[in-house]
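Could you build the full structure based on these sequences and the hints that come with them?
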Amino acid sequence: MANQHFQIAIIGAGPAGMAAALTTTKAGLETIVIDDQKGSGGQVYRNLLANQEASPAYLGKSYYDGTELAQSFANCGAVYQPDCTVWQITNTHEIALVSRGKAELITADYIIIATGAIERPMPVKGWTLPGVMSVGGAQTLLKQAALGADDAVFVGSGPLLYLTAWQYIKAGLAVRAVIDITGGKQWRSAIPYAPLALLQPDMLVMGREWLGDIRRNTEVITKVSAIEIIGQSQAQGVSCTLSSGDKIDIDANHIFLHQGVVPNVNLTMATGLAHQWDHQAHCWRPVIDVTGKSSDEQIYIAGDGGGIGGAKAAAIAGRLAASAIVARCGKPRFLAQLYYKLRHLHYLSIRPFLDRLYLPSADFRLAQTDETIICRCEAVSKAGVNAALASGASGPNQLKAFCRAGMGRCQGRGCGLVVQEMIASHTGQSMAETGYYRLRPPVKPITLAALASLEGPWPD
Amino acid sequence: MFKSTMPEKGRIVHLQFDGEAITAFDGDNLAAALLRSGKVKFRTAAKNDPRGPYCMMGVCFECLVKIDGRPNQQACQITVHDGMIVQRQNAPDSAGKVSG
Numbered sequence: 291m292a293n294q295h296f297q298i299a300i301i302g303a304g305p306a307g308m309a310a311a312l313t314t315t316k317a318g319l320e321t322i323v324i325d326d327q328k329g330s331g332g333q334v335y336r337n338l339l340a341n342q343e344a345s346p347a348y349l350g351k352s353y354y355d356g357t358e359l360a361q362s363f364a365n366c367g368a369v370y371q372p373d374c375t376v377w378q379i380t381n382t383h384e385i386a387l388v389s390r391g392k393a394e395l396i397t398a399d400y401i402i403i404a405t406g407a408i409e410r411p412m413p414v415k416g417w418t419l420p421g422v423m424s425v426g427g428a429q430t431l432l433k434q435a436a437l438g439a440d441d442a443v444f445v446g447s448g449p450l451l452y453l454t455a456w457q458y459i460k461a462g463l464a465v466r467a468v469i470d471i472t473g474g475k476q477w478r479s480a481i482p483y484a485p486l487a488l489l490q491p492d493m494l495v496m497g498r499e500w501l502g503d504i505r506r507n508t509e510v511i512t513k514v515s516a517i518e519i520i521g522q523s524q525a526q527g528v529s530c531t532l533s534s535g536d537k538i539d540i541d542a543n544h545i546f547l548h549q550g551v552v553p554n555v556n557l558t559m560a561t562g563l564a565h566q567w568d569h570q571a572h573c574w575r576p577v578i579d580v581t582g583k584s585s586d587e588q589i590y591i592a593g594d595g596g597g598i599g600g601a602k603a604a605a606i607a608g609r610l611a612a613s614a615i616v617a618r619c620g621k622p623r624f625l626a627q628l629y630y631k632l633r634h635l636h637y638l639s640i641r642p643f644l645d646r647l648y649l650p651s652a653d654f655r656l657a658q659t660d661e662t663i664i665c666r667c668e669a670v671s672k673a674g675v676n677a678a679l680a681s682g683a684s685g686p687n688q689l690k691a692f693c694r695a696g697m698g699r700c701q702g703r704g705c706g707l708v709v710q711e712m713i714a715s716h717t718g719q720s721m722a723e724t725g726y727y728r729l730r731p732p733v734k735p736i737t738l739a740a741l742a743s744l745e746g747p748w749p750d
Numbered sequence: 196m197f198k199s200t201m202p203e204k205g206r207i208v209h210l211q212f213d214g215e216a217i218t219a220f221d222g223d224n225l226a227a228a229l230l231r232s233g234k235v236k237f238r239t240a241a242k243n244d245p246r247g248p249y250c251m252m253g254v255c256f257e258c259l260v261k262i263d264g265r266p267n268q269q270a271c272q273i274t275v276h277d278g279m280i281v282q283r284q285n286a287p288d289s290a291g292k293v294s295g
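Chains Z and G, in that order, give the protein sequences.
Per this note's numbering, residue 291 is the first one in the first sequence, and the count goes up by one each step.
Per this note's numbering, residue 196 is the first one in the second sequence, and the count goes up by one each step.
One or more hints might be untrue.
[Claimed, not checked] List time: in silico DSBU-like cross-link candidates among lysine-lysine, alpha-carbon distance up to 35 Å: (1) G/Lys242 with G/Lys198; (2) G/Lys204 with Z/Lys392; (3) Z/Lys328 with G/Lys242; (4) Z/Lys460 with G/Lys198.
[Stated by the list, open to error] What the simulated footprint calls covered on chain Z by chain G, stretch by stretch (three residues with Cβ under 8 Å from a Cβ of chain G suffice, anywhere in the stretch; the number is not a length): (5) 326-336; (6) 427-435; (7) 471-482; (8) 665-678.
[Stated by the list, open to error] Pulled from the structure, derived: some chain G residues nowhere near chain Z, Cβ distances all over 10 Å: (9) Ile207; (10) Gln211; (11) Pro287.
By construction, these hints were calculated from the structure, which means they are not laboratory data.
Every residue gets a Cβ at the ideal spot worked out from N, C-alpha and C, and that includes glycine.
Below you can see the structure in the form of structure tokens.
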């Protein structure tokens, strides 16, 4: 594949990437889809085609809704490169890949970045202990390996948490408790947007079913002001402080944390694309137009990586970006584009409500105790970050140099938003003014041997 | 402990984790296979801080292990194979010495 050229390169084979490929291949454009996982579907439809045969009912309708898309993608004729990581996009639109230890460069006229979302960090004391996982991680085990743990505790808030707890219950697993950190303040700010959310009745009905089944099958603890994981070498329980001041201790070896998802901006930022701080969703997002076009004319961003909208919005965003590119290749699709734009707006109508309802309070976005680890990779605690702030670190990059937070292998994915907000509250600057780590390629670690395998010319 | 939520099927694959024999199913990713065997501690970070798989999607780098002698492998992104030798990956301890 070395030095190959494609008309369209799509990065990510989740709903946005798969849907985009359907449109570009149908228009006859030579398309490659690159994905770092071993199968298509992204995280939301992970392992969907492999799960068709046994098709466990506990994964639910929202999961199997992706079947037609995944099957069409498998037959669409795009060059599909799984198990392949993009570690750089150069300013001349060379795409640097690494697959099974070998690096390659390809080029493309247009690039669609559809790299999805990651979970918002949830830095509570003890969250690094073995046995503590993100809810997304727990759900991946269920989809990919049909694995679940009895007597687990789910802690946090947001649709993915309720869906996964519901899937656990439907799979016949005993859920010890759900500790819901959604507060009254979030409800009050979200309620004015409830009428708009009614445009998505299916989603609301589904959410109500999840929450109802959870309440009937496990203990739900609300009005929570603080969380701490107990354990020495692995998780042994959760200690939960209620706003009344009462404390509840629950024994558990498996604790799943989640407080929403945010766009995975590592590749888009490292590519030098413009980003903005999203006040409503409290995260960074790339600056894109209605078709997904970024600050670089040749690069489009589709799906959750351009702003959280969920799987169905992502698939439409993929269609929209792809049809905009098809139009630029001389095949205008005015009606299709109008249709996708309206559908996209329709799917997004629930977001103002959800974003406000499930935005965790600052108590949970920021660590509550000095010994809580902020940067997991470098084991930097809240006290360590505060010491760097006290020594005068004035922004994320200087702070990185002072205390190593953000310098590890995950490249800030697990601490960036927390560190940024700690700086902002220390300096009194806004989140936008504070900015984020300066991300640079390679966006995932790559070995020297893999780099050395690259055939020239080298990227700048 | 993690357990199967569906009838187990597939060819049995044999591997070793820190010298202990572990069985997995063909096609399993390594992190899932180890969790199914009750292993949650995969490595230590700086300051002997114990760690295990967290995100299961290749983002957090918490599940790093040594596979067949090669360090820094993301267990959640790698499929098991027969005869795979897996070791916990421990950060340098306070004496600056890497163990394991």
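> Given the proposed pairing of G/Lys242 with G/Lys198, does the C-alpha separation stay at or below 35 Å?
Replying inline: holds (31 Å)
> Has the given pair, G/Lys204 with Z/Lys392, been kept, meaning a C-alpha gap of at most 35 Å?
Replying inline: holds (33 Å)
>> Verify this label for me: G/Gln211 is non-interface relative to chain Z, using a Cβ-Cβ cutoff of 10 Å.
In response: holds (19 Å)
> Counting residues of the segment 471-482 of chain Z with a beta carbon closer than 8 Å to any beta carbon of chain G, are there 3 or more?
Replying inline: Contact hint for the segment 471-482 of chain Z vs chain G: violated, 0 residues under 8 Å.
>> What's the verdict on Z/Lys328 and G/Lys242, does the C-alpha distance respect the 35 Å limit or exceed it?
In response: holds (34 Å)
>> Verify this label for me: G/Pro287 is non-interface relative to chain Z, using a Cβ-Cβ cutoff of 10 Å.
In response: Non-interface label stands for G/Pro287: nearest chain Z Cβ at 12 Å, farther than 10 Å.
> Between Z/Lys460 and G/Lys198, does the CA-CA distance stay at or below 35 Å?
Replying inline: holds (15 Å)
> Is the Cβ of G/Ile207 farther than 10 Å from every Cβ of chain Z?
Replying inline: holds (15 Å)
> Are at least 3 residues of the segment 326-336 of chain Z within less than 8 Å of chain G when you compare beta carbons?
Replying inline: holds (count 4)
> Under a C-beta cut-off of less than 8 Å, do 3 or more residues of the segment 427-435 of chain Z approach chain G closely enough to confirm the stated coverage?
Replying inline: holds (count 7)
>> Closer than 8 Å Cβ to Cβ for three or more residues is the test here. Does the segment 665-678 of chain Z pass it with chain G?
In response: It holds: at least three residues are needed, and the segment 665-678 of chain Z offers 4 whose Cβ sits within less than 8 Å of chain G.
Checked against the numbered hints above, the structure violates only hint 7.
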